[in-house]
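J.: Using the sequences provided together with the hints, build the complete structure.
With my numbering applied, the sequence shown covers 26 to 141.
Honestly, the hints are just simulated from the structure, not real lab data.
For clarity, every value in this text was computed on a predicted model and none was experimentally measured.
You can take every hint at face value.
Label pairs and their computed distance ranges (CB to CB):
#, residue 1, residue 2, range
1, Ser55, Glu113, 25 to 35 Å
2, Gly79, Leu36, 29 to 39 Å
3, Ile128, Pro39, 35 to 45 Å
4, Arg70, Arg44, 16 to 26 Å
5, Asn129, Gly40, 32 to 42 Å
6, Glu113, Asn83, 17 to 27 Å
7, Lys68, Lys133, 17 to 27 Å
8, Ile52, Ser109, 28 to 38 Å
Below, a list of computed lysine-lysine pairs in the DSS-like style, where the Cα atoms sit at most 30 Å apart:
#, residue 1, residue 2
9, Lys89, Lys133
10, Lys123, Lys68
11, Lys111, Lys89
12, Lys133, Lys100
13, Lys89, Lys123
14, Lys133, Lys123
15, Lys133, Lys111
16, Lys68, Lys89
17, Lys111, Lys123
18, Lys123, Lys100
19, Lys100, Lys89
20, Lys111, Lys68
21, Lys68, Lys133
Each residue gets a CB set at the ideal place from its N, CA and C atoms; glycine is no exception.
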Amino acid sequence: QVQLVESGGGLVQPGGSLRLSCTASGIAFSFYDMGWYRQTPGKQRELVAHIIRGGVVNYTDSVKGRFTISRDNAKNTVALQMNSLKPEDTAVYYCNAKRFDGINYWGKGTLVTVSS
Numbered sequence: 026q027v028q029l030v031e032s033g034g035g036l037v038q039p040g041g042s043l044r045l046s047c048t049a050s051g052i053a054f055s056f057y058d059m060g061w062y063r064q065t066p067g068k069q070r071e072l073v074a075h076i077i078r079g080g081v082v083n084y085t086d087s088v089k090g091r092f093t094i095s096r097d098n099a100k101n102t103v104a105l106q107m108n109s110l111k112p113e114d115t116a117v118y119y120c121n122a123k124r125f126d127g128i129n130y131w132g133k134g135t136l137v138t139v140s141s
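T.: Right under this line is the structure:
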């Protein structure tokens, strides 16, 4: 059974930091591209950061310079370090695993709230 379990969300003040982590089980992790997405009520889920099997990363423009995605293939984890958080970063953050043939898995999400 495939599971992606996110952790690390919570309430943080503007300018603060959080580190999200996603642990995968039931998949050959190193064969998957991994991503973090986020969604707010009434909006489509958007890609935040993406790291492919070879380690190349990309970010949506709004988080460049503030967020860092990383993966540890030995531990089957992908992390998202979020610094200088803004209220507009408030969302449910989802972990995604995507294989070359399009097979896709999602976690259940973790809520990040940026508020004073």
